[in-house]
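Protein chains in written order, with numbering that gives the first Met the number 0: chain A, 0 to 197; chain B, 0 to 463.
Keep in mind that the hints were calculated from the coordinates and are not lab data.
Predicted model only: the values in this text are computed from it and were never measured.
Errors might be hidden in some of the hints.
Reference listing, derived: stretches of chain B covered by chain A, where coverage requires no fewer than 3 residues with Cβ under 8 Å from a Cβ of chain A [what the hints assert, rightly or not]: (1) 29 to 36; (2) 192 to 200; (3) 416 to 430.
Straight-line alpha carbon distances no greater than 27 Å define the calculated DSSO-like cross-link-like pairs of lysine-lysine that follow [to be verified]: (4) K86(B) with K31(A); (5) K186(A) with K10(B); (6) K48(B) with K31(A).
Heads up, the beta-carbon is just placed ideally off N, CA and C, and yes, glycines get one too.
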Amino acid sequence: MSKAINIIKNTCVPLRNENVDTDQIIPARFLKGTSRDGFGKNLFRDWRYENNDEAQPKKDFILNNPSFHGKILVAGKNFGCGSSREHAAWALKDAGFDVVVSSFFADIFKSNALNNFLLPVQVSDTFLQKIFAAVEADPTSLLEINLADQYIRIMATGEHESFEINHYKKTCLLNGYDDIDFLLSIKPDIEKFETQER
Amino acid sequence: MKSLFEKVWQKHIVQQIPDGPSVLYIDRHFIHEVTSPQAFAGLEKRGLKVFRPKQIVATADHNVPTLDQHLPIKEELSRLQVEALTKNCANHGVELYGLGHPYQGIVHVIGPELGVTQPGMTIVCGDSHTSTHGAFGAIAFGIGTSEVEMVMATQCLLQSKPKLMRINIEGELNKGVVSKDIILYIISKISASGATGYFVEYAGSTIRGLSMEARMTICNMSIEMGARGGMIAPDETTYAYLKGKAMAPKGEEWDKALVEWKKLYSDTDAKFDREINIDAATIEPMITYGTNPGMGVGVTGHLPETNEIIESERPSYLKSIQYMNLGAGTKIKGRKVDYVFIGSCTNSRMEDLRMVASFVKGKQKAKDVEVWIVPGSRQVELQAREEGLDKIFEAAGFQLRQPGCSACLGMNEDKIPAGKYCISTSNRNFEGRQGPNARTFLASPLTAAVAAITGEVSDVRDWL
Ligand code: SF4
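Next comes chain A alone, as it looks inside the complex:
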């Protein structure tokens, strides 16, 4: 799953809902896998299908609208609140998303996303509304996300905003490293710490 990220230029799916919790992203009854794969088909399961039936997609749900697709999910504020299930990040990634844009992210979701090379981009409320407006006016609108320079741009209008990311995490994403590699590399220090009087 590890894959370095830098510049992503793509279309997006606008999900205006706020407070999207991880129980919506992937309901608990689909958490029974013992591997990381295959969660994408149950992404937003109960919003996507009537009566839990794949033959009955809900027409008004954005992921069922063929006009909208892409590697970027744009969502209302407080995305990813609730349960710590990393399955939420796996499901988004498995469904083809590399970036989630919102004006606010829940903490655990953010670290889970980063650990799976799914980039959470936090923008201002105003900028978020501009993205929604641009995409809804023209579903083929492109967004550009530049991790190295930390900005997001609406290609059609040229409007852009910078976003924050912790320096350490940025380096990891740009290079495709993960935290475990780093922690394993300092194991002698950890062992020494354990023997110290604290």
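Fit chain B with the ligand to the given chain A structure using the hints.
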């Protein structure tokens, strides 16, 4: 001039990455069947063994049935997940309190009850309600599965120091108001995302007056306002609770531990990024009406009128109350309920069961209501039977089941049917949380117990 959080945090820093997170040492790691299999698999893929198996405690709780636990789990995927946990624990030398074990139960109930959770520790679990353990003055927080793997591999995590918030609650609680109401009140005031980015300390005379069980209920729901965790400084109540618990320090070790624990409080000049003061007297018995835990009101209150909601949030508000099939501006008291669920890591401890039993003693449940009492652990279940609470519940028409997460999340057999209303002592009222299209009212065990008797949302104060 350090806060409680900073005192515990600083003792656990192995290394500070310049311009980056800290390497934080983890004392205790709880695992359950849902969020651990991929971590074990990841570890094995790297050719590693669990680094410190003795610091991990495992249990099966999310997928387990709450009736006939001696039989094999019916649902195949649930059974496989529980079996995977058993196999992984055996391979890596991790202690497992699985089905049938006298210590089995919901992970956040058994940790404290066994004395594994102790003041001053860092505690994690692949579960957001790990915040519960903060009631003992520990830094306890939920993590994702990749982080579970990190802790298994190195007993450490990379963490940035959160911002600090203190919530002071002072004064006497009103009759019929219990700790669940305090936390539902706080979340209704600061919203489901109001504490995102913060670690919260709960303080003040009201908190000091609460039992450990009641403190755990409050810390448990810290995550429902977005906080990474919540904590309460340990005191005599904490020590009295821990003394004699199975894994608590004994003899000389106990005396040594106590000296350290007594240093754990926020200094008078400690700094917080945000402070909130609450007068306990303003808190009523609470209930939620919507689909996030911040959508709560006093039980005699109304749903907000649409125009009271700020414009940008109206679509979400309307979607939420439509899901609940409730009208803006309407009263919540008197709404019919179909199910009553008393359980979950928020409210399934002895004190909760005793509270419910003493209220329902000699009363009968309403005809059309189904009432489930699900103890948080085997120990709680046995204790309840020993005290004769089972008889009281039975006489009232309530069902006392076996320990597990049960109807807190629609993952095991205990689901609330579509369209039905459940008054629940759990912590989440998200869409579909208790089963596809199920509708949840969150409340305290007392408010849930009254609803079981009347068959509708009621004010417990009318009965006291
Ligand atoms: S009782 Fe509910 S909230 Fe608590 S651990 Fe189980 S599923 Fe999670």
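Here's how the hints hold up against the structure:
Given as covered by chain A, the stretch 29 to 36 of chain B passes the check, having 3 residues with a CB less than 8 Å from a CB of that chain where 3 are the minimum. Under a criterion of three residues with beta carbons nearer than 8 Å to beta carbons of chain A, the stated coverage of the stretch 192 to 200 of chain B is upheld, 3 such residues being counted. Residues of the stretch 416 to 430 of chain B with a Cβ under 8 Å from some Cβ of chain A number 3, which satisfies the need for three, so the listed coverage holds. Simply put, K86(B) and K31(A) have alpha-carbon atoms about 16 Å apart, close enough for the 27 Å limit, and the pair holds.
Restraint check: the Cα-Cα separation between K186(A) and K10(B) comes to about 18 Å, which is no more than 27 Å; the hinted pair holds. For the proposed pair K48(B) and K31(A), the alpha carbon gap of about 24 Å is at most 27 Å, so the pair holds.
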